[in-house]
Amino acid sequence: MKKLSIVVVLATLGITAYGYLGFRTTEFIPEVSTVNLARGDVVDTVGATGALEAVTTVQVGSQVSGIIEALYADFNSIVRAGDVIARLEPSLFESQVEQARANLARSEADVQRLRVALEDAQTQLRRSEELAARDLISESELEASQVAVRSAEAQLRSAEAGVIQSRASLSQSEVNLGHTVITAPIDGIVIARQVDVGQTVAASMSAPELFIIAADLTKMQVIANIDESDVGRIRPGQPVTFTVDAYAAEEFDGTVSQIRLEPVVLQNVVTYATVIDVPNNDLRLKPGMTATVTLEISRRENVLRVPNSALRFRPAPDMFAVLNQPVPEVLQRGAGGTGGGPGGRPGGPGGSGGFGAQGGPGGRPGGFGGPGGGRSGFANMSDAERQAMRERVQSMTPEQRAEFFAARRGQDGGPGGGGAPGGARRRANRNAGPAIPTVERGARTIDALFAPLEVAETAGRVWVMEGDRLTPVEVRLGVTDGTATELLGAAGPRPPARPAADPQIVELRQQAELIDDPETRRNIEQMIQRLEAAPATAAEAPMPAAALNEGAQLVTDVSTPEEGAGPAARSSSPLIPQFGRRGRR
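Numbering follows my numbering, in which position 4 of the sequence shown is assigned residue number 4; successive positions increment by one, without gaps.
Honestly, the hints are just simulated from the structure, not real lab data.
Here are the computed distance ranges between Cβ atoms for each label pair: (1) 266 with 441: 29 to 39 angstroms; (2) 292 with 233: 13 to 23 angstroms; (3) 435 with 267: 31 to 41 angstroms; (4) 562 with 469: 15 to 25 angstroms; (5) 270 with 51: 12 to 22 angstroms.
Idealized CB from N, CA, C, for every residue including glycine.
Can you make the complete structure from the sequences, with help from the hints?
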């Protein structure tokens with residue numbers, strides 16, 4: 001009995017210890033994933049495929065029909081201009097030449113006969129004129145002699161034209177006989193032969209193709225098909241690299257020489273042919289090879305490269321919660337979206353709300369317009385909306401009016417303000433000059449009218465760990481290759497936020513003209529004067545540029561409990577396998 005009591009006590013203690021140790025939870029330690037900021041090359045490229053071709057390719061055909069009597073060139077033969085490469089059976093054309101010569105001889109004989117007849121008619125006319133002068137013959141006989149002369153002259157002219165025609169026929173027959181001998185039109189290499197000895201070629205409607213001669217295979221070109229989304233970044237002179245399956249381990253170089261304007265539409269995909277000049281001094285590249293092309297748009301060497309995974313990182317509030325730090329103000333400002341959000345941006349959350357509506361928890365007056373602040377300009381309002389706005393403004397106190405117009409300014413142009421969708425896009429024709437016809441711009445080709453591409457500077461944000469705090473750094477970015485982006489530096493002061501003619505000030509002046517109360521109008525004019533005198537604000541830089549040196553650790557992810565740490569990470573029971581606690585890697 002005593003032994004049984006001891007066993008029961010020990011079992012109870014074991015179960016209690018197992019329950020305590022097995023279900024005791026530990027504090028979650030977040031795992032911070034980082035990447036290094038390193039130096040390297042950043043190359044912005046466009047990929048495409050194309051086919052290799054000779055720069056000049058001539059199709060050699062036959063202008064006459066006949067049977068191939070002999071071939072003097074074959075595949076890969078090197079020929080020079082004027083070399084005989086084929087011959088047609090000439091007997092038929094030789095007989096045509098003999099017939100044409102006989103016709104010419106007969107025409108010349110007819111001319112001689114008619115000349116004699118003309119001389120006889122002229123002699124008869126002179127005799128008739130002498131007899132008619134002595135009244136020995138009648139007038140009708142004299143007229144008959146005159147008609148005979150004119151008739152003989154016409155027949156002679158017709159016979160002379162027949163001689164010219166016979167000579168032309170003879171010349172044509174001789175040319176056709178000469179066409180039975182096929183010669184090379186250029187210096188080059190025969191890359192295709194389409195006929196054999198004994199084959200009949202018919203040149204009835206079009207010249208049959210006998211050979212294809214490439215002018216010079218030491219200079220070749222790639223015809224690459226560039227997608228319409230990339231063709232705007234292609235310029236003549238850009239360097240190109242490509243590979244072919246025959247030499248998969250080697251890379252060949254080329255240069256863009258032409259962007260053709262003729263579109264190629266295949267299954268609703270629009271591409272443009274781009275000509276790339278390629279040297280081929282060793283003659284390894286052959287016509288028809290498929291080339292995988294990489295066009296280099298821009299290149300930066302030995303620059304700081306920010307991995308794009310660090311630029312895509314967007315910390316969520318739960319990440320700051322596991323790090324025991326508040327959400328930075330820069331994220332709180334961006335949470336309102338366009339046209340409104342927490343803190344009473346005009347228009348309320350999402351940018352909706354009518355005139356005078358409360359704009360969110362902060363209780364600031366809302367803007368006048370439809371959802372998203374789409375009707376933000378006074379000039380875009382209808383007459384009814386203008387009248388409603390005029391009545392509403394006149395019923396406000398001076399403080400409410402000042403707050404309302406300040407909210408209007410923030411809605412259209414201030415931080416977090418609303419705007420039309422796609423407002424970040426530039427107006428392509430805003431700074432366009434006068435329309436000048438293309439032929440009057442002094443260029444030989446349209447490619448010469450396009451200026452070299454300029455790399456656009458963009459803004460971004462990366463996150464670094466300062467001790468145990470996740471801190472944002474606004475950065476300026478340059479060229480990107482899809483994997484990494486050139487780091488130009490930390491964001492510095494922005495240019496003046498207000499242009500020379502601030503549209504918000506212009507709108508305030510228009511709204512002031514609608515108010516009849518002198519005191520209210522005076523307050524608005526004072527506000528306009530303060531806005532005009534206010535210095536341009538500069539963008540804040542949360543961290544200095546020195547904080548982003550080579551080797552800096554950029555955050556790409558922070559683990560949270562919701563990501564599923566598994567039982568092993570939440571339990572320290574000695575009876576359950578342990579896999580270590582989470583930490584920074």
